[in-house]
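Residues 49 to 174, numbered by my numbering, are exactly what the sequence shown covers, in order.
By construction, these hints were calculated from the structure, which means they are not laboratory data.
Each residue gets a CB set at the ideal place from its N, CA and C atoms; glycine is no exception.
It is possible that part of the hints are untrue.
[Said to hold, decoys possible] Restraint ranges, calculated between C-beta atoms of paired labels, are given here: (1) ASP96 - ALA139: 38 to 44 angstroms; (2) PRO164 - GLY126: 27 to 33 angstroms; (3) ASP152 - ASN71: 22 to 28 angstroms; (4) GLY97 - THR173: 25 to 31 angstroms.
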Amino acid sequence: MPESTAPVDAIQPVPAELSVEDNKLVILARGARGRVGAVEGAAVRDQDGRTYAAASVSLPSLTITALQLAVASAVAAGATRLEAAVVVTEASTLDGAGHAAVRDLTADAPIHVAAPDGTVLGTVTQ
49 MPESTAPVDA IQPVPAELSV EDNKLVILAR GARGRVGAVE GAAVRDQDGR
99 TYAAASVSLP SLTITALQLA VASAVAAGAT RLEAAVVVTE ASTLDGAGHA
149 AVRDLTADAP IHVAAPDGTV LGTVTQ
């Protein structure tokens, strides 16, 4: 993960229950992370209900967060707005780069932060 990004500490308590569609994002993000043993997995849903999942990438020439990659995949497929996002991570905060990528498309989409076991820790709405 990029060291230069500041964590976002605005994680709010978990809503009483995630929607079925947001729960699907948790499953997709966990799967993306688990398939390659990545540090993070993420998934986003665009304005048409299409979903995109990704894992973090750390190469000598490229480092990108899972959330950045999921957003980039959505944009590359024509998405112009996001309805929701999920990051599965061992961290207790949301990285600034992933947060910024979601906010580039949508100012108010919820970003749910979940533990590797799928337990949602909280939601960033700003």
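Do the hints match the structure? See the list:
1. ASP96 - ALA139: 38 to 44 angstroms: 30 angstroms, violated
2. PRO164 - GLY126: 27 to 33 angstroms: 31 angstroms, holds
3. ASP152 - ASN71: 22 to 28 angstroms: 25 angstroms, holds
4. GLY97 - THR173: 25 to 31 angstroms: 20 angstroms, violated
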